[in-house]
Amino acid sequence: MAEITDPFVRFQNVQKSYDGETLVVKNLQLDIAKGEFLTLLGPSGSGKTTCLMMLAGFESPTHGEIMLDGHPIHNVPPHKRGIGMVFQNYALFPHMTVTENVGYPLKVRGIGRNEMARRVDRALTMVELGHLGGRRPAQLSGGQQQRVALARALVFEPALVLLDEPLGALDKNLREQMQYELKHIHATLGVTMVYVTHDQTEALTMSDRIAVFDDGIIQQLDEPSTLYEEPSNAFVAQFIGENNRLLGTVESVDGTDCIVQTDNGDPIRALNVRTTGPGGRTLMSLRPERISINPNPGSMPNILPAEVLEVIYVGDHIRSRMSVCGRDDFIVKVPNWAGHVHLRRGEKVEIGWFASDCRALDA
Amino acid sequence: MATAQSALPSGAASGGPSGGPTDGVLRTNDGVPLKTTLRRVNRRQKIIAFGLVLPLFLFILITFLAPIGMMLFRAVDNPVLQEQIPRTVALLNETWDGEGLPDDAVYDTLAEEMIQQYKVREIAKVGTRLNYEQGGLRSLITSTARTIARRAEPPWKEAFIKIDERWGEPETWGIIQNAAPRYTLSFVLAALDLRYDWQGDIVSQPENEQIYVKMFVRTIWISGLVTVLCLALGFPVGYLLANLPMRQSNLLMILVLLPFWTSLLVRTTTWIVLLQTEGVLNDIMVWVGLISDDGRVQMIYNQLGTIIAMTHILLPFMVLPIFSVMKTISPSHMRAARSLGATPPRAFWDVYVPQTLPGIGAGSILVFILSVGYYITPALVGGRTGQLISNFIAYHMQKSLNWGLAAALGGLLLLGVLVLYWLYNRLVGIDKMKFG
Ligand SMILES: Nc1ncnc2c1ncn2[C@@H]1O[C@H](COP(=O)(O)OP(=O)(O)OP(=O)(O)O)[C@@H](O)[C@H]1O
Ligand SMILES: [Mg+2]
Chain V
1 MAEITDPFVR FQNVQKSYDG ETLVVKNLQL DIAKGEFLTL LGPSGSGKTT CLMMLAGFES
61 PTHGEIMLDG HPIHNVPPHK RGIGMVFQNY ALFPHMTVTE NVGYPLKVRG IGRNEMARRV
121 DRALTMVELG HLGGRRPAQL SGGQQQRVAL ARALVFEPAL VLLDEPLGAL DKNLREQMQY
181 ELKHIHATLG VTMVYVTHDQ TEALTMSDRI AVFDDGIIQQ LDEPSTLYEE PSNAFVAQFI
241 GENNRLLGTV ESVDGTDCIV QTDNGDPIRA LNVRTTGPGG RTLMSLRPER ISINPNPGSM
301 PNILPAEVLE VIYVGDHIRS RMSVCGRDDF IVKVPNWAGH VHLRRGEKVE IGWFASDCRA
361 LDA
Chain R
1 MATAQSALPS GAASGGPSGG PTDGVLRTND GVPLKTTLRR VNRRQKIIAF GLVLPLFLFI
61 LITFLAPIGM MLFRAVDNPV LQEQIPRTVA LLNETWDGEG LPDDAVYDTL AEEMIQQYKV
121 REIAKVGTRL NYEQGGLRSL ITSTARTIAR RAEPPWKEAF IKIDERWGEP ETWGIIQNAA
181 PRYTLSFVLA ALDLRYDWQG DIVSQPENEQ IYVKMFVRTI WISGLVTVLC LALGFPVGYL
241 LANLPMRQSN LLMILVLLPF WTSLLVRTTT WIVLLQTEGV LNDIMVWVGL ISDDGRVQMI
301 YNQLGTIIAM THILLPFMVL PIFSVMKTIS PSHMRAARSL GATPPRAFWD VYVPQTLPGI
361 GAGSILVFIL SVGYYITPAL VGGRTGQLIS NFIAYHMQKS LNWGLAAALG GLLLLGVLVL
421 YWLYNRLVGI DKMKFG
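Note that the protein sequences, when read in sequence, are chains V and R. For the first sequence, position 92 (counting from the first letter as 1) is numbered 92 according to the numbering used here, and the numbering increases by one without interruption. For the second sequence, position 75 (counting from the first letter as 1) is numbered 75 according to the numbering used here, and the numbering increases by one without interruption.
Next up, chain V with everything else stripped away, as it sits in the complex (with noise of 0.2 Å):
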C-alpha cells in the first residue's frame, strides 16, 4: 500500500481510555486521503464509534494527535469542525420536519431564508425526498430516515462525513439500495467519508479502503479485494469473508510456499504469510470457493481425499461440508453452472487447491 502524501485526517498515536484501566483504542496510526471513502470495519466493542467520536470532537483523545488538512484540532470545538456527521440512530430532531432538520445546520450558520430553502430542497432531491418535506422525522420509514439524516449531514457542504453504521437498522434489499446511493452520492460529491460498520460485505462493497478493527488496534488496513484475498493474518481471515481454518506445523519453508504438516499428517503446500518459520504452529486459511472437486491428478500441489456430510443446496451455489484432514467443519462451495460435480452425502471425493489460496498464517 502506497504512503499518502499530504493526508487530509490523520491519527497520530492516538489512544483513548475511558476508565483509566484498558484502553478502547491502541496506538492508532491512520491516514485518510481526500475524496476517499474509508470504512472502519469491527467487532461489537472494538472502538469503532470511539474513533468517530474523537474524530468528530465529542471525546478526546486520551495520548496522540488528530490533524484535519494537516492541523492539529483537539482545541477545536466540535461545532467548528465542519464535520458531517450520521449518526447509528440517526438522531434527527423528533420536533421539527424533515425541512427544519435539514436546514438546520444552514440556520445556525446564519444563511438567508431563500438560499436555505433552495439547498435544503437540493440536498431532500438528492436523497429522492423532495416530498417528504413536511413530515416529522416518526413519520418516516427507517430508509427515508436514514436519508433524512443523510441529507442533514451533506448540506452544508462538510469536507468530511463522518458514518456510524447508519444502516445498520435497515432489512436487507434497502441496505443494499442504500449502500448503492451512499456511493453514488460519495462519487458525485467527492467528499472524504469515514464509515462504520460490523457487516464485511457491506465494507467490501462499498470502500475504497478498510481498516479492520479488532481490540483497539488496526488489524489490516486494505483495499477490499486485498483484504478479502490476502489476510494478514488469522483475525481478519476469520473476519472478512468465510474461511477453512487448518491447523499445523510449518516444516520446511521453500520460496514464497512453505511446506505445512496438519495435525494428522497430511502435508500441505501453503503460501507462507505469516508464520514463525519451520517448527513452528500455524493456522492455514483456504476460501471455501477456492477448492475444487475431482481435480486432474498433478494437476494442484494440494490433493486430499474428502468424505461429504452435507450438501445443502444455497441457490447461486451449492454448499458443502466435508471432513478432511480429520476436520468435519470443512466447508466447499460449487458454483451453480451447468456442468457442475452433483455431490452426495455419503460420497468419497478427492479435493484440491492451489497453494497461493491457501495462506498460512500466525496461529
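Between beta-carbon pairs, the in silico distance windows are: (1) Asp19(V) to Asn302(R): 53 to 59 Å; (2) Val253(V) to Pro344(R): 57 to 63 Å; (3) Gly168(V) to Ile47(R): 40 to 46 Å.
For the record, the hints were derived by calculation from the structure and aren't laboratory data. Note that the Cβ used here is the ideal one computed from N, Cα and C, for glycine as well.
Given the structure of chain V, go ahead and fit chain R with the ligands onto it with the hints provided.
Leaving out everything else, chain R with the ligands in the frame of chain V:
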C-alpha cells in the same frame, strides 16, 4: 380461494368473482359478517376489563364524584323559604307586583307560618337565609317571630309594622321574593361580588364587601407565580437527575422525593420556624449584620410566606414529569446539533428544550391546578394577605356555614381550571403531555 377473498379489503371483495355474498360486507368463512364476529370476540374482553375497573369506578363514584356533584348542586339549591314559609311565598308571588306593600292576606299567612316555625324552632333558618341577601334581616325575622308568637295580636299588618318599620318597606318584601325561588343564582352572584337588588336586577356589591373577585385574581396570580418559580427551580434539577451517573442521580432523586415522606404540616411549620421574625433566617441576618435587630423582615404570615412554602411543597410535582421526559431524550440529539454547527447553548435551546415541552406542560398544569386549590399552607403561613380562595371556601364551609356560597366559589374555581385546561389543550395539546 374463498378464504383469501374474505380477507381482502371490502373494495376488492365486492368486485370479487368467487362465491359468497358480494355486498361489500366482509364475512368469515361461515358467512357471518366479520364485524359481528369481531364484536363477539371483543365483548368478552370488554366485560373482563370492565369488571376489573368496576370496584375503582364505584369507589370514585361514591366517594368523589357524587359528593362533588352534590356539593356543586348546593350553589344553586335554595330550599329554605320554600320549605319554611311556602304559602307566604306563593301568595306573595301571586298577589304582589312589587309596587307598594303586599295585601293583608300576605301578612296574615306569614304570621301564621312564622308562629308555626317558631314553635318548632326552625324560624332562624329563614332569618339566616335572608341575611345572606341583606345584613340585619336575621334579627328582624327572629325578633318579629318571637314577638308575634308571644304577645302580638292581629291585624298582623299593623302589628308587623309596629314591631319593626322595615315591614312597611317594599324593599324587605322584594328581598323575600328574590330569595324565594327553589333554585337561585344569588350564591353564584355573591361569589362574583354581585347581587340582586330588591327589584331583582343584578348590581355590584357595595365597595367594601367586594372581596371574591380580588381573591380569585390573587389565587390565579399566586398560582401562576408558584408555577413559574417551580419551573425555574425544577428544570435544572430535572436536568441533573436525567444526566448524572446512576449513583448520584438516585441520591438526588431521594432528596427530591424527601418532601413526600414528611408530613405536610411538619414541612409547613418548618418554614414558620425558619422565616418568622424571631426565626432562624432573621437571626442569621441580624447576626451577620445584614439587618438591624429592630429591622427584622416579615417573611411569613403574608403573601411571601405563602409563595415560599407552596413553591417548596409543589416542587416535586414539577421535577418528576420534567425528569421523566428528559430521561427519554437521547444525548445523540445534542451531539448531532453540535456536529451540525450549533454552539452548546444554541443546541440546548433549539434541540433540547423543545423536547422537554411535554414535561414542562405536564408539570406546570399539575402545579398550577394543585396551587389553585391549595388550602393548608396558606391557612398556616398566609397571614391576611396570603389567603387564597380555598381559605374562603373553607371559611364558608366551617364558620359561616353558608354552604351555598362555598359551593358557588368552588364551582367557579373548578370552572376556571377547566377553562384553563381547555385553553392549554387548544394551544399545546393534552396528548403532548407526559406525566411520567
Ligand atoms: N462513554 C464510555 N464510557 C466508558 N466506556 C465506553 C464508553 N463508550 C464506549 N466504551 C467502551 O469502549 C469500547 C469501544 O466502544 P465503541 O463504542 O467504540 O465500540 P464500537 O466498535 O463502536 O462497537 P459497536 O459495533 O457495538 O458500536 C467498548 O468496550 C465500550 O464498552
Ligand atoms: Mg458503535
